[in-house]
Amino acid sequence: MIARVIVAPKPVVNDPQGATVHRALTSLGFSEVSGVRVGKYVEIQLAAGSVLEASARVEAMCRELLANQVIEDFRFEIDPEPSAQG
Amino acid sequence: MRFGVVVFPGTWSDRDCGWVIERVLGAEVRYLWHRQSDLEGADCVILPGGFSYGDYLRPGAIARFSPVMEAVREFAEHGGLVWGICNGFQVLCEAGLLPGALIRNTCLEFRCQWVNLRCERDDLPFTHAIGDRVLRMPIAHQEGNYQADPATLSQLEARGQVVFRYCDERGERGGEANPNGSAHDIAGIVNPRGNVLGMMPHPERCAEADLGGTDGLFLFRSVLEVACSMAGIDRRSARGDRR
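In order, the protein sequences belong to chains A and B.
Quick note on numbering: the first sequence equals residues 1 to 86 in my numbering.
Quick note on numbering: the second sequence equals residues 1 to 243 in my numbering.
Just so you know, the hints here were simulated from the structure itself, not pulled from any lab data.
What you are looking at is a predicted structure, and each value in this text was computed from that prediction instead of being measured.
The beta-carbon is built from N, C-alpha and C at its ideal position, and this holds for glycine as well.
Mixed in with the good hints there might be a few duds.
Chain A regions said to be covered by chain B (calculated; three or more residues, Cβ under 8 angstroms) [stated by the list, open to error]: (1) 46-53; (2) 57-70.
FRET-style restraints, in silico, Cβ to Cβ [unchecked claim]: (3) B:Glu74 with A:Ser27: 32 to 40 angstroms; (4) A:Arg4 with B:Arg133: 48 to 56 angstroms; (5) A:Ala56 with B:Trp19: 23 to 31 angstroms; (6) A:Leu65 with B:Ser229: 22 to 30 angstroms.
Residues of chain A placed beyond 10 angstroms of chain B at every Cβ, according to the derived structure [as the list claims (entries may be wrong)]: (7) Ile2; (8) Ser31; (9) Glu32; (10) Lys40; (11) Glu43; (12) Pro80.
Build out the structure end to end from the sequences listed, making use of the hints.
In C-alpha cells form, the structure reads like this:
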C-alpha cells in the first residue's frame with residue numbers, strides 16, 4: 001500500500017514561505033490568488049493487512065514524527081492498490 | 001565542573017562549546033555521542049548548534065529520538081541543568097522539554113549576524129551573572145522564528161519563562177531588532193522549573209575578544225558558579241576537583 005501524507009502549517013501559524021509564494025504568483029500575473037500555504041508531501045510504502053490497519057499506523061507515524069502538531073496539521077489517504085507508477 | 005556536550009550526526013558547534021569550556025573556563029568537557037545513554041556525570045548538559053540529521057523533515061525532529069535524549073529528559077526531570085543552543089533549542093522543543101516550535105525565519109533568509117539581547121530573568125543558573133546589561137551575541141539560523149499558540153505564549157509571559165528577547169543596543173524591542181519574526185521577540189525561554197534553557201543565539205561564539213565579543217561568557221560563568229557551588233567545588237579550581 002501507499003500512504004500519501006500532506007503536512008501543512010496550521011492556519012494560525014505565520015507561514016513566510018506561503019506569503020512569499022503568494023507574492024511571487026501575484027507578480028507573475030495570477031492576481032486571482034488570495035492565499036497560499038506551503039507544506040510537505042510524504043509518500044510512504046508500507047505493508048498492512050487492511051486499509052484500516054494502515055490508516056491507524058500512518059496516523060501514528062504522523063503524530064510521532066511526520067508532523068509537529070504544535071505548528072502543523074496533517075491529512076493522508078491510503079492507496080491500497082497503487083498503479084505501477086506509484 | 002563537568003559539562004556534557006551532546007553530539008548528533010550533523011552537530012557542529014560541539015567543539016566550539018568544548019573550546020570555551022576547556023580553554024577559556026578551565027572546566028571539563030565530555031562529548032556525549034547521541035547513541036549513548038550515559039551522561040558521564042555531567043553537571044550541565046549542552047545541546048549545541050548545527051544541523052543534526054541535516055535538518056531533514058524539521059530541525060531537531062529526528063535528533064529528539066536519539067537514545068541520549070531519554071537520559072537528558074531524566075536528567076532534566078531531576079533538576080539537572082540542560083542548555084539548548086540553536087539546533088539544541090530546536091531539539092528541546094521537538095522533544096517537548098520546552099513548549100512551542102522554531103519555524104522558518106519570516107524574512108526567509110539565513111541570518112548570520114550579531115543581535116542584541118535583553119535578559120528578563122536574572123535569577124536563573126544560566127543568567128545570574130548577566131546583570132542588567134544588553135548582551136551582544138551572534139546568531140546563525142534559518143529556522144529561528146519562535147512560535148507557539150496564544151495560550152502558550154500567554155503562559156510563558158505570565159510565568160516569566162521568557163529569558164531573552166531581541167532588542168536594540170539600548171534594550172528597546174521592535175522593528176529590525178528582531179531578526180527572524182519570533183513571537184514576542186523571543187530569543188530564549190526556560191521551563192517552569194528554570195533548569196532547561198533554550199536559546200537561538202550562540203554564546204559559545206562570543207567568549208573570546210578575538211572573535212568580536214565576550215558576552216557569552218556571562219552565561220558560561222553563571223552556570224559554572226552555580227554548578228560548582230551545588231557540587232561543593234571551589235570554582236577557582238574548576239578543573240573537576242570535588243570535595
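Given the range 23 to 31 angstroms, decide if the beta-carbon distance of Ala56 of chain A to Trp19 of chain B lies inside it.
violated, 48 angstroms
32 to 40 angstroms as the expected CB spacing between Ser27 of chain A and Glu74 of chain B, which holds or is violated
violated, 52 angstroms
Taking the minimum C-beta separation from Pro80 of chain A to chain B, is that value above 10 angstroms?
Consistent with the label, Pro80 of chain A stays out of reach of chain B, its closest Cβ about 26 angstroms off (over 10 angstroms).
Classify the label on Ile2 of chain A as holds or violated, using whether its beta-carbon is more than 10 angstroms from each beta-carbon of chain B.
The assertion about Ile2 of chain A holds, with a minimum of 19 angstroms to chain B.
Cβ separation of Arg4 of chain A and Arg133 of chain B, checked against the hinted range 48 to 56 angstroms:
Between Arg4 of chain A and Arg133 of chain B, where Cβ atoms are some 53 angstroms apart, the hint holds.
Within 22 to 30 angstroms or not, the Cβ separation of Leu65 of chain A and Ser229 of chain B?
Distance hint for Leu65 of chain A, Ser229 of chain B is violated at roughly 41 angstroms.
Is it correct that the beta-carbon of Glu43 of chain A has no partner in chain B closer than or equal to 10 angstroms?
The assertion about Glu43 of chain A holds, with a minimum of 14 angstroms to chain B.
The region 57-70 of chain A covered by chain B? Criterion: 3 or more residues, Cβ-Cβ distance below 8 angstroms.
holds (count 4)
Would you say Lys40 of chain A is clear of chain B, with no C-beta pair closer than or equal to 10 angstroms?
Given a closest Cβ separation of 8 angstroms, the condition is violated.
Given as covered by chain B, does the region 46-53 of chain A meet the bar of three residues or more with CB within less than 8 angstroms?
Since three or more residues must qualify, the claim that chain B covers the region 46-53 of chain A is violated, with 0 doing so at under 8 angstroms.
Quick one: work out the minimum CB distance from Glu32 of chain A to chain B and report holds if it exceeds 10 angstroms, violated otherwise.
holds, 24 angstroms
Test the statement that Ser31 of chain A is away from the interface with chain B: the closest C-beta pair must be farther apart than 10 angstroms.
Ser31 of chain A clear of chain B: closest Cβ-Cβ about 22 angstroms, beyond 10 angstroms.
Consistency note: the structure conflicts with the earlier hints numbered 1, 3, 5, 6 and 10.
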